[in-house]
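Visitor: Sequence:
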Amino acid sequence: MRGRRDMRIGFIGLGSQGAPMARRIVDAGYGTTLWARRSATLAPFADTPAKTAGSPAELAAASDVVCLCVVDDADVEQLTTGPDGVLAGMRPGGVLVVHSTVHPETCRRLAEQARGRRVSVLDAPVSGGGRAAAEGTLLVMAGGDPQVFAYCRPLFATYGDPVVHLGPTGAGQLAKLLNNVLFTAQLGLAAEALDLGGRLGLDAAGLGRVLPRGSAASFALERLTDAGGALERIAAHAGGLLAKDVRLFTDIVESAAPGAHGRHPDTVRQAARAALDAMGR
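209 is the number that our numbering gives to position 209 of the sequence shown; each next residue is one higher, with no gaps.
Misleading hints may appear alongside valid ones.
When the alpha-carbon atoms are kept at most 20 Å apart in a straight line, the in silico EDC-like pairs for lysine to aspartate or glutamate are as follows [stated by the list, open to error]:
1. LYS244 with GLU77
2. LYS244 with GLU254
3. LYS51 with ASP84
4. LYS51 with ASP27
5. LYS244 with GLU105
6. LYS244 with GLU232
7. LYS244 with ASP266
8. LYS244 with ASP72
9. LYS244 with ASP75
10. LYS51 with ASP6
11. LYS244 with ASP73
12. LYS244 with ASP277
Read the hints as simulated data drawn from the structure, not as lab findings.
Start from the sequences, fold in the hints, and give me the full structure.
Guide: Structure below.
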């Protein structure tokens, strides 16, 4: 495996997070091929050396590593399978990287399909949003073969810091779902605390300045105070994705063998569910 700037990269999923990731790959000097359902999402790359492909399969045929940064499991499966899918075009020795947040079993099934074509799969969901992607500070949580991860790590480092390998296929997804479930639960707790402070007569604006600076500080609290203490504003922006991830995590917990999880995962999950209910999700 080569693993430096002679790697050819394919990227699918040029949304608010994927587009700056792809831009950093191009700017780092990797030969890059892009594909998108809508030509408008390719327009910002017209002034770059990046090439475009006519289908996911064509993109894969021109790439050593293909990165997917799409919304959900259905998108991942649709883009990877079928006669025009990524797997149809990938050559033996290629690597498919799933940056989307999906069910771990989706990645495991995909890895099994890819194995027959001598293609490797890494699940590597990311956290941080578009600004972190543009700054190269996304958190990258990876699962899969350690040697394949080492091969791809220089690529991940163009947009991620830290970049962490967590275990076999599906491990990155489990870590990302735990992250998002905990974040959702913390949003709910932060909203309750701010509401309680108001009912006790504290100045809301002052409380919003104090708590994020004290030992109660958290990313969720900061986001909530930035939104004026209203869960509804966060729900409008990210409620759908958080609800999806809580559902995925719930499915994993409920499908686990009896005794595989104790009280604490259920406590976090229930708090996250309560927060989503407060958001109307």
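Visitor: Checking each numbered hint in turn, tell me which of them this model violates, lowest number first.
Guide: The structure breaks none of the hints.
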